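Those sequence lines, one after another, are chains A and B. Position one of the first sequence corresponds to residue 1 (my numbering), numbered consecutively onward. Position one of the second sequence corresponds to residue 1 (my numbering), numbered consecutively onward.
Since the list gives no way to pick one copy over another, a pair counts as held whenever it fits inside one copy or between any two copies.
Below, computed lysine-lysine pairings styled on DSSO-like, alpha-carbon distance capped at 27 Å: (1) K100 x K216; (2) K225 x K251; (3) K12 x K308; (4) K216 x K121; (5) K236 x K121; (6) K125 x K79; (7) K234 x K121; (8) K90 x K107; (9) K225 x K236; (10) K125 x K225; (11) K125 x K216; (12) K234 x K251; (13) K234 x K125.
For the record, the hints were derived by calculation from the structure and aren't laboratory data. Since we're looking at a predicted model, the values are computed, not measured.
Number of protein chains: 2
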Amino acid sequence: MTNRVTSLFNIKYPIIQAGMIWTAGWRLASAVSNAGGLGLIGSGSMYPEILREHIRKCQQATTHPFGVNIPLIYPAIDKHIQVVIEEGVKIVFSSAGNPKTWTPVLKQHGIMVVHVVPGSKYALKAEDAGCDAVVAEGFEAGGHNGREETTTMCLVPSVCDAVKIPVLAAGGITGGRAMMAAFALGAEGVQIGSRFAASLESSSHVHFKQAIVDAKEGDTILTLKQLIPVRMFKNKFFGEIQEAEKRCADKEELQILLGRGRAKKGIFEGNMDEGELEIGQASALIHDIKPAAKILQDIWEEFRGLQKETAGWAL
Amino acid sequence: MTNRVTSLFNIKYPIIQAGMIWTAGWRLASAVSNAGGLGLIGSGSMYPEILREHIRKCQQATTHPFGVNIPLIYPAIDKHIQVVIEEGVKIVFSSAGNPKTWTPVLKQHGIMVVHVVPGSKYALKAEDAGCDAVVAEGFEAGGHNGREETTTMCLVPSVCDAVKIPVLAAGGITGGRAMMAAFALGAEGVQIGSRFAASLESSSHVHFKQAIVDAKEGDTILTLKQLIPVRMFKNKFFGEIQEAEKRCADKEELQILLGRGRAKKGIFEGNMDEGELEIGQASALIHDIKPAAKILQDIWEEFRGLQKETAGWAL
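Use the sequences and the hints to build the structure in full.
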């Protein structure tokens, strides 16, 4: 398959592995890129020198294109930008912030920029800022999420109607069925998180991976809406948030309850009670831990099978 | 196109118009059925004798199959059941309640029963109760909604994996793109609400129809979660709910604030400030008020066009 997304990134399959914190290091990114998708290093949980190390290891592990996800609200954002420029990274996915500030800087250095958006008005801003593509990420996606709560089903057609640059769909996509659905809605590629979090090469803790495999419908929730909304597993920590909200805790109190380092504690260290376990609704559709290459292959085969099936429907 | 849904209901297109309160009377239902879809009368806002009148008028207006939606939490539910049996209704869509109580009664009278569910465990219960099909309704749908907040993208594959009976997708579907997406996810038909609410034949107030046309992303919200969660427009009444929730109002206080008759006030009488304006997220994708037959035709043509396009993708 050749489309604007495969051409833009020079990849075989229009499937991007999301740059998840504490999960997407050089091992996962290079495994996905070697298998024909686009792997992303998740820099949101890395100090600049750790990011540099991951980029270098990824360059050694694959000759295929890969990228780095940079949350624009990261405190040391200028250092991260400096590292990706210095290390010759060719593709940056930016998220959680205004694309106007850094897109021109990155573009000046010949870096492709894709911005993650939760709404079409943000997609238009990204297009105006010079981004090469956008990721339209729905309410069902794991981690930080938009306030309008627009789901992938409603968001993707809306964003596709709004912008001319290619649109990648994210949120709720674990297999070929959802990938075909995203393409029907107008996307030309997909960004997949949770499914790759439960891969062999993901650096998240095995307890976290097992929780994804065990997850049922309704096990995740978009919470902490007074701060930055985040989708995560309903664990003991979520119970504490609920208690606090029940007694009408204010922003400051919730910030203290959240504290620091909870995502690391949960995702990386495997503390399933106290951690902030960022994951998507689609975890309910994931039933095994597999190598990243097998994940890609299974998605592609299901997608291809569906394409054939669709072509065969009598009208 | 022939599949289990078109065969089950004996209809031309696997497109069902949702039985929305204050919106789906005999005019809308018969218009949809005459155009080749399945029209549903929304009995949730009707007294039993009004329902009887709508059924009789619908029978006069179309020779094609049509059905009645019955919310099982309706106080005079036994009278509604009696009316549909007496009037020879052939298809009932039940929602909001336990399908075990009434499904066997309806089936005994040769009536087909389809139950609306927000999760796969409820779909299994409906299958066990003898239902002929289920509607998997996602978080983005308008009106009353499930507590697990599972979106159409995640819900439909999950329900399709869980049950053997046909699955209809609902929530976020206004056109052929989303219909194709629903089919890719495994659905064999779609139930469409908001798009038909903004039809000429819908009995909702013109102010309400115009609000759908004017709606943008983020204009609806799932609220009143302490009572029964409902998706509606963010209007003045929603501002009052927010105020109440901010001061930690309890269930009783919210119930008093909600009061009685707010859905009628908004949807039927056009009071856009004080009404409970039940509508889906997909309202942001609706830009005109059209005859129901034209809506059906446009969805079908877009769906058919996409099928051809999909078949043509190079692999």
